[in-house]
Every structure is written in C-alpha cells, then in structure tokens.
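Work the whole structure out from these sequences, hints included.
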Amino acid sequence: MNSSQWGPSALGLGTAVATAAVLEALIRGGAINAYIVPLPSQVVLAFERVLVEENVVHRFLLTTAETLVAGALITVVGIGLGVLLHRFRLIRAACETWVAAFASAPVVLMYPLFLVIFGRSATTIVMMGFVAALPPVILKTLEGLAGTRPVLIDVGRSFSVTRSQMFWKIMLPAALPTVFVGLRLGLIFAMINIVGVEFLINFGGLGQLINELAERYDLPGTYAAIGFVVLVSVLFFYVTERIERWLRPA
Amino acid sequence: MAASRMRRASVAIVRAAIIAALLAGWEALARSGLLFRDVVPTLGAIARAVATLVSQPVFYVNLGWTLGEVALALVVGGIAGLLVGLLLGGNRFIGRAFEPYLYYLGPTPKIIFFPVMIMWFGVGPASKMALGALSCFFPIALSTAAGMRQIDGVLIRVGQSFRASTAQMVTKIYLPAMREPIVNGVRLGLGVAVIGTLLAETKLSNRGIGYLIIQAYSTFDMPRMYATLVVLFALAIGANALVSRFSTDHRRR
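First to last, the protein sequences are chains F and B. Residues in the first sequence are numbered consecutively from 0, following numbering that gives the first Met the number 0. Residues in the second sequence are numbered consecutively from 0, following numbering that gives the first Met the number 0.
The hints are simulated quantities; they were obtained by calculation from the structure and are not laboratory data. There may be inaccurate statements among the hints.
Ranges of calculated distance between the beta carbons of each label pair, as one might list FRET restraints [unchecked claim]:
hint : chain 1 : residue 1 : chain 2 : residue 2 : range
1    : B       : L82       : F       : E243      : 30 to 38 angstroms
2    : B       : L203      : F       : Y34       : 17 to 25 angstroms
3    : F       : L10       : B       : L82       : 12 to 20 angstroms
With the Cβ distance kept under 8 angstroms, some of the chain B side facing chain F (calculated, not the full set) [unchecked claim]:
hint : residue
4    : Y100
5    : L104
6    : T107
7    : G152
8    : K202
9    : I212
10   : P222
11   : M224
12   : V229
13   : F232
Every residue gets a Cβ at the ideal spot worked out from N, C-alpha and C, and that includes glycine.
Below is the structure:
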C-alpha cells in the first residue's frame, strides 16, 4: 500500500472511530437514551460474551452449510436451465423475459408458503435461498453462452467438432467467466435470504441469533450480534470476490 | 418480414403451451391428494381468492399503507443515497475513504437491522419505512457515485467554461449525464425497499401487505395467501418494468 492510499483509509477508519467516541460521549452525557442505543464500549465487550455463550461457531457452520447447499443447487439447476434456454432458441425467446421479471419480484416474501410446504426446518431455509438466487445464475449463464466469440465457434467448425465437443471444449470454457459472475451473485443472494429467513422464522443459524438476543432485550448483545453477522457477510462477499478474480485471469 | 411474424407467432404458441402445461400440472397436483389439503389449492380456489381479495376494501387499506411506507422509504433513502453518491463520486479522496464501506455493507442482509429499527422508531409503520430506506440507500448511493465518475470530462469542462455555479453544475450537467445510472440505482433501490418493508411487515406489524400474507399464513388460509402473493408479484414486476422503461424511453424517441 503506497502513501496515496493511506490518507483515505485513515480518514475512513478515523471517522468510524470518532463516530463511536462521539456516540459514547453523548450516551454517557445522557443526550441519547442508553436503553435505545447501548454504549459502543459495551457492544465491543458484548462481542466476547456473544461469541462464547451463544454457540456462534455452530450457528456459523449451520448458516454456511445451508448457503453451500443452496449454492450447489443453483449451480446445477441454474447452469442447467441456462444451457437449456440457450440450446432451444424458441424456449429462450419465450422465457427469458419471464426469468428477468422473476428476478425483480420480491421472491423472499414467499417464505410463509415454503413454511407450509417444507415445515419450519432447514429445508425451508435452503429452498428459499435457492429459489431467490436462481434467476441471476440462469441469466448470466445465458449471457455467457450467447457471448461466445464467433471466431472460437468458427475454429471449432473448421475442426469439424461434434455438437457435444463444441459445447464442452469451446462454448462452456468461453462462457465460464460470465457464469462465475452469476454464481457469485447467486451465492450472495442465497446468503442474504438464508440469514433473513433464519431471522424471520427464528430457526437455525446466525439470523436466529439476532432474533433471540433482541427478544431477550439484550441490547449490547443484539448490536454485537448484528455487527458480527455484518462482518461475516462482508467477509463472505470479500472471499467470493477473491475466488472469482482468481478463477478468471484477465 | 413474414419470417419474423412466423417467429413471433411460434414464440406466442410456446409461451401459451408452457403456461398451459404449468397450470395443468398445478391443477393435477392440487387434485392428486399427494400433498396435504390446501398446500396447493386448485386454480379455481386461487382465482376465487384473488377476486375476493381485490373486491375487499381491507386489501386497499393495507396496500395503501405499504405503498406509503415504500414511497417514503424511497424518498428518504433515495435522497440520502443521491447526496452521499454525489459527494463520494465528486471527490476522489472522500470516495476512496468511505466508498469501500458502502461497497461491502451493501450486500449484507438488511432485515437483521429490524430489531434496532423497532427500538429507534417504534413498532408502527416508521420502523418498516426506516428498514426500506436503509435497504435502498446502498444501491442508490453506489450507482450514483459510479455514474458520477463516468461522466464525460468534456461536459464538465463545458459547464466550467460557462462558469456554472455548483447548483447549476449539479442540475444542468451532472444529473442529466447520470440519468441512466441513477434510474438503474432507483430501480434496484425500489426492489430492495419493497423487500425490506414487506419483510418487516411480516415480522411485526398490524397493517400492510406483509401483514396480510402472514395473517393468511397463521390462519392457514392458503388460497388467500396465494392470492395475496400473486397480486403482490404482479404489482412488483409491473412497477419494475415501469421504472426500467423510464430509463430507456427518451433515447428511443
């Protein structure tokens, strides 16, 4: 990191610390009610308590496992449907706008429906993440396959490759970078929806942690748990970004 | 010409066939008795429930609450996002200092902030609105900042050579040049504001569409729940299409 990048980072971090300090002073001074906004120092201390007492490792692993299962499902079903739509032009012309419309619908609002069908269980949570994250994977797979450079296809033709060779050796490798973009989007959608549904139905991993602490009216604990979940999702976002960059050397 | 008309006709036929197959499959599943009764209601039952729903004033009262909450959320979150986006995009130093925070906080699940919103704004519509505003702030701020940075430098120099004031620069140069990224940000923001507001309504409230959905769930009135979801999806998809049209319409003319 060179010196021109130091200034902005220091300002950003400094502002965050200063905000916490001002809040601390305002709450201690009584300008902000401590029963609504707990002291930042208490929240920091509560981190340890939440981590030790609330089974956080287990919850983290549970949410991660749910996200990974949903991720495996969107990989298989999403890429499969994308390939199918690409292969049959007529179906694509008929359905692509539907998929796009579905992507813009508030799918997660169907969670009570999933509760009825799958019960209050991990299946509901995984299925909700899967359904909400499916459209970007389909659309990006389609985009990647449709964007194969004509030169590559011509090369394949001049080697007179078979249809399946054309797909496996040329189209799919050329589409992969775009497919990865879709998969990463899908994984992020899945994670957001999984944590959200866990919170809403009060079942399972990290989302439930927040709900429980809020219902106990453990204020510093609630704030710390929210901070923890935000950290986890930022980390998740960062790691998938890194993996995506590593997978597409451009 | 004839070929394209043929193609359009066959697309329409394929669409009709897919819809017919889905509906037939649904009806068969509903009548098969494989699932618990009412988990998949018959199409007739859902259609009747839709008709009942849209003919009752209670639906419009709750729709009004939800629309009001979403609209206020979009105004508050949108204006805050626009201002922050202009600031971050306009100043390289400030942008580098704070944009990473927005970029990484953007894709976190916002609904987990709902307990905090309840403590700050109470259990009424204000906390739902706050959650919607928080949700739509991030995409709008980020796309405004990105849009600001991709403005053609020539336009900015033209404005400067006319000695435009800051207000004039914003209204005459920046905003028109950023129409597309801003509309796109608002479209994304609208989507997440709707989700944030409605999810909050399902968690804790006594009015709004989210409340209607969760009420139908807790009384196990499945046709009514399907009907509410169908109407909600139609409204959400329609609103999204309307906003997208807004971003491209001018160009075509």
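Against the structure, the hints come out as follows:
1. For B:L82 and F:E243, the Cβ-Cβ distance of about 31 angstroms falls inside the hinted range of 30 to 38 angstroms, so the restraint holds.
2. At roughly 19 angstroms, the beta carbons of B:L203 and F:Y34 sit within the given window of 17 to 25 angstroms.
3. Evaluation of the 12 to 20 angstroms hint for F:L10 and B:L82 yields a pass: the beta carbon distance comes to about 18 angstroms.
4. At about 6 angstroms, the closest approach between the beta carbon of B:Y100 and any beta carbon in chain F falls short of 8 angstroms, and the interface hint on this residue holds.
5. Residue-level restraint check for B:L104 holds (minimum Cβ-Cβ distance to chain F is 7 angstroms; threshold 8 angstroms).
6. At about 4 angstroms, the closest approach between the beta carbon of B:T107 and any beta carbon in chain F falls short of 8 angstroms, and the interface hint on this residue holds.
7. Of the supplied interface hints, the one on B:G152 is violated, with its beta-carbon coming no nearer than about 21 angstroms to a beta-carbon of chain F, more than 8 angstroms.
8. Below 8 angstroms, beta-carbon pairs count as interface contacts, and B:K202 has one with chain F at about 6 angstroms; its hint therefore holds.
9. Taking 8 angstroms as the C-beta contact cut-off toward chain F, the hint placing B:I212 at the interface holds, the least distance being around 6 angstroms.
10. Below 8 angstroms, beta-carbon pairs count as interface contacts, and B:P222 has none with chain F, the closest being about 12 angstroms; its hint is therefore violated.
11. Satisfaction of the interface hint for B:M224 is found here, the shortest Cβ-Cβ separation to chain F being roughly 6 angstroms, below the 8 angstroms cut-off.
12. This hint is violated: B:V229 has a C-beta 11 angstroms from the nearest C-beta of chain F, more than the 8 angstroms allowed.
13. A distance limit of 8 angstroms between C-beta atoms decides the matter here; for B:F232 the minimum to chain F is near 5 angstroms, and the interface restraint holds.
When held up to the earlier numbered hints, the structure conflicts with 7, 10, 12 and fits the remainder.
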